[in-house]
Amino acid sequence: MAALTLHPDRLFPSDPTVRAIAQRLYREIAGLPIVSPHGHTDPKWFADNANFDNATSLLLLPDHYVFRMLYSQGISLESLGIRRKDGVAVESDYRKIFQTFASHYHLFRGTPSRMWLDHVFSEVFGFTQALTTATADNFYDSINAQLVKPEFKPRTLLDRFNIELLATTEGALNSLKYHSALKGTGYDKKVITTFRPDDVVDADRADFAANVQKLGELTGQDTQSWDGYLQALRIRRQFFRDHGATATDHGHPTAKTADLSKAEAAALFALCLKGEASTQQTELFRAQMLTEMAGMSIEDGMTMQIHPGAFRNHNPVIFQNFGPDKGADIPSPTEFVSNLKPLLDKYGNNSDLKIILFTLDETTYARELAPLAGHYPCLKLGPAWWFHDSPEGMLRFRHQVTETAGFYNTVGFNDDTRAFFSIPARHDVARRIDCRFLAGLVAEHRLGEDEAAELAYQLTYGLVKKAYQLA
Amino acid sequence: MAALTLHPDRLFPSDPTVRAIAQRLYREIAGLPIVSPHGHTDPKWFADNANFDNATSLLLLPDHYVFRMLYSQGISLESLGIRRKDGVAVESDYRKIFQTFASHYHLFRGTPSRMWLDHVFSEVFGFTQALTTATADNFYDSINAQLVKPEFKPRTLLDRFNIELLATTEGALNSLKYHSALKGTGYDKKVITTFRPDDVVDADRADFAANVQKLGELTGQDTQSWDGYLQALRIRRQFFRDHGATATDHGHPTAKTADLSKAEAAALFALCLKGEASTQQTELFRAQMLTEMAGMSIEDGMTMQIHPGAFRNHNPVIFQNFGPDKGADIPSPTEFVSNLKPLLDKYGNNSDLKIILFTLDETTYARELAPLAGHYPCLKLGPAWWFHDSPEGMLRFRHQVTETAGFYNTVGFNDDTRAFFSIPARHDVARRIDCRFLAGLVAEHRLGEDEAAELAYQLTYGLVKKAYQLA
Amino acid sequence: MAALTLHPDRLFPSDPTVRAIAQRLYREIAGLPIVSPHGHTDPKWFADNANFDNATSLLLLPDHYVFRMLYSQGISLESLGIRRKDGVAVESDYRKIFQTFASHYHLFRGTPSRMWLDHVFSEVFGFTQALTTATADNFYDSINAQLVKPEFKPRTLLDRFNIELLATTEGALNSLKYHSALKGTGYDKKVITTFRPDDVVDADRADFAANVQKLGELTGQDTQSWDGYLQALRIRRQFFRDHGATATDHGHPTAKTADLSKAEAAALFALCLKGEASTQQTELFRAQMLTEMAGMSIEDGMTMQIHPGAFRNHNPVIFQNFGPDKGADIPSPTEFVSNLKPLLDKYGNNSDLKIILFTLDETTYARELAPLAGHYPCLKLGPAWWFHDSPEGMLRFRHQVTETAGFYNTVGFNDDTRAFFSIPARHDVARRIDCRFLAGLVAEHRLGEDEAAELAYQLTYGLVKKAYQLA
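Chains as they are written, first to last, in this note's numbering: chain A, 1 to 471; chain B, 1001 to 1471; chain C, 2001 to 2471.
Just so you know, the hints here were simulated from the structure itself, not pulled from any lab data.
One thing to keep in mind: the hints can contain errors.
Stated by the list, open to error - Computed footprint of chain C on chain A, listed as stretches where at least three residues anywhere in the stretch have a Cβ under 8 Å from a Cβ of chain C:
| id | region |
| --- | --- |
| 1 | 6-20 |
| 2 | 348-355 |
| 3 | 410-424 |
| 4 | 450-458 |
Yeah, the Cβ is synthetic: ideal placement off N, Cα and C, and Gly gets one too.
All chains, full assembly: derive it from the sequences and hints.
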């Protein structure tokens, strides 16, 4: 029976010189608290503080990294218990689903999921044997037995995981009731929200007009008018700030921005509301709204995150049967230099503005993003994102970005996850990779080891708190 | 006089830890039979089983990697004996051509051609000195002297090279007479064909209408009608299957697919046949035909290979004087996410369908191909292709693909060559690079060595046979 | 107080095997003279041979790598002493500016600027302590004290730096008076010019028509006619050749070329002169002019350099207040395969023509540039350029280009700098990286060490002189 061990030097190069430096750098920062300024955990967990109930519903069902890989190898989503929209029954035997997963665990070799899951199995649940068909039942039973214990309550885990801060992400219409419920518990400083207004900004959504309507109701503004709509957004931003938000987030198909006249913008908004906007016009409206949001960020001081480039719901069969977020979002080529220009022409030289750029198109790291961030005071570079949030992906990010943007135009790590239990694993991978990258520079006499140690601290902790304005 | 030695650790990293692991992994798979599911050797060689006659016509004249490099440095194709279409005489002194090549052999430093050729010189012909101007005559004479021996007959070499299976590639109108001739020799299981219908699908070709006409004659179908044309293709596919084919291959300028209605497709086909289709329309027709071929693959079970992105015959002077395949095909940017969507919308969730995607645009590895293959059951990723079929190219493929697609959504190695003698060299490079990549993961504690050993077997043998359905 | 030391093994890998080989290779070529065939130093320095007067105006003010990074972190260009176009006063206390720079020196960690500056501080000025806030005054005073010495005169430094040849770059209308002034000093063979006609070719410039007018006055040609304009360019090319030029340089937004009929070209030229050309038409005119320049290169034998892909003056606020070349030029996606085709169709097979291609879009290295240069006799690949002129950038270039283009289709290193004092540092980085790359190939038994030594010489010296026709 294969052992499950997390080697203390995992992810460090085998070259003894570099490894020794990486070990020393890592030792100093391994124990720093986790600051997680961008993610998708459910605030209900922390508000209710109820135990999680099952290995499968905790670890597998919400993790589209896991079931997309299984699906790619011909395993139906139904057999994995993913709920169908038409209500047709799917596999509901959680043990069986866990067994299916375990018997295909070899598919994850070489992927970050494997590394994160092994970390969870070993560090959080204490397993010493590898997950296989043979050990599946034992894993399943043991995880379930542990989950009911008091030390596995969400708030206790927040503390055990050494999480100093965890930002969730909520749509503009969210009541933030779970964040409200946390007030007075002491955990309201730990679990904060992020303002993500895509639902009231993206006129391609079927519910756009209804959402704008609700936005008006929530804020007492006439959101049928351009001015009222903008004012309503300001009010919601303040509401989110009152629930801890220090940042906004914007998931757009492209990085396109615009700087329309007020009259043009108002007319375009009216067209979008009526549902008469063309695809180009809804794209232009989103573009205009990025610029509007940048303006509001200057007003209220919130850091602005832009996540462009995902082709959402690429697989219509999956979307129709199972809905969004089922592993069928695919990156696409993304352009920044021309697309960001209208916003940058207007606000780019304002050093009070903080915009963090992310990409799924790695070709832009060295060609566009590092040169932009190495010039514009408002721009910083977010970490390797999504499919690139992996050892090799993070290394490519550092190798391609650092020489032009330096370290200080980057903002530390985002785990960007809804997989709560994997947060320590993900931050640990990022810390190891950063230490490894720095150790390479030291070993090649491109950086002093004292400087590398200072940078390891900044990449893990200092720059994150600065970029997201976490006092 | 410089020695020619193939170092037993060539292509392994010099770090002793990684190298030792790579050695162990390689030792286990170095002797596995060669499965070559995609290539361009001439079936006549194996049908006739006649000796090859000359070093120059065997090793240089058919190898566009070799003469394109020489041409780039100002050496005329005429002086290399490449036949002109106008019949003007070119160099015909094969010894002199071989000397020209030898005296420029330094140009290949750092290229895979150098590595393959040295392997052939050392392992196949037994040379112990490097090829230089001084040794050129000795090489030329010795190779020629060996080529006439019985142990250099093509079938004997198939066995000597430990080739379990070799797929050639033939156009849709090919008589497959050489494959037929192999029946009963025992070599018909070893040398199989592949169905490549570009000649009857690409309406930009001058001979398209004539080819479709011939297709009708060969199959007894009315290929002037859309239905008859499709039926004729089905019949030819079966004919190829009867000669061993388990796969089709499609070399298109782009990865564009379409899903037209039957009436639209029929009208477009008629336009193409009449030679009245615009460039966009011939592109659309090729796009539609990829989707048709995918449908037929579901019917008859053949694996479908898509090779997009080559700008063929970029140099009109060379094309006019010497014809196609003279080293003047150049890769171009290739997009998959939108282009494949019509086909994937129709068939993407069918796990009986097997489509292998190749690219010449490495930016798509991590951005598009790995995410697509890590989701769609029908998609697998072909190995690094053509200019990227090289140590660094293969490493980039594994580094950029593995974390999102895993290993099991890849399909092993293709040598894709008409250079028969280089097949063992090419497979050996691929095996060494895979072992090296795996050894790196083991050395960094990202994978167990037992897992790496299993993967080395899969990448060399198991996944190839599965992907190409070679029982 | 941190020490400033240039480690003798800097930039070499820490693996002892590779490092030892790199050391041996480097030892042989470290002392070769510097050949700098492309750069932007001021010929006035060498003509006047006056001492430089101040650390800040010498090292900081002209270096947009330095002030773009500081600006990206919120430090105003005014506070760095960058002159405003409106004459509003900016910081003029050079000591204070130097202190500002010193106190932000940590921002450059991991960037090539840091490496170059440390080299200058250590090797040129003899500092043994690192630059920090605490040592800033000492640096400033000591540099200034040294700058006034006779051994810091520009010509003396040319000799001290072991510079065999330095090419400057001048616009088509430049009087070349400084190069003239050098005649008879012996330094006219060392400091040569390069013909850069962008100012009379780019009709998007506000001064285009005026420049063409001046071109006529300088040459006695009627530059209002297409024939007269072309003849005037020929005359200026000869004038530059008389001042040492062996090469031309062309900085275009894209790599687009065209091959218009004479009548079309003449009509387009007339439209451009009248200021009535659209953006597409000025682009087409530049495209046509690249082809014209290639034709003239065949006539007069000058090597042609093409530098496409920079989005110039991306930041309009900076451009308006401070002018061009203030760190706001950003790379953009660049396409070569289609864009170069008209020129290549006309002249691509002429092996007397020498065109050196550069790119800011690294995705084209393996996909487009190496395949093109590995085929067309007229094409060679320039080194990693601008943002990619850095250790990692150079490594990516070699890793991605070599397997398809080989080494002999590359042309050695360009420092491309106006920072005269950094020239030895930049060439040293390039030499170390090349030796390191070659050492890796040797350590992995992909190249003999004797071959690597020959290549190190070629990459440092031989290929540069050949490509730029420096006898």
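How about the region 410-424 of chain A: do at least three of its residues have a C-beta closer than 8 Å to a C-beta of chain C?
violated (count 0)
Okay, the region 348-355 of chain A and chain C, do three or more residues pass the C-beta test at under 8 Å?
Per the Cβ count (3), the hint holds.
Are 3 or more residues of the region 450-458 of chain A near chain C, judged by a Cβ distance of less than 8 Å?
With 4 residues closer than 8 Å to chain C, the region 450-458 of chain A meets the three-residue bar; holds.
Three-residue Cβ test at 8 Å for the coverage of the region 6-20 of chain A by chain C:
holds (count 3)
In terms of the numbered hints stated before, the structure departs from hint 3 and from no other.
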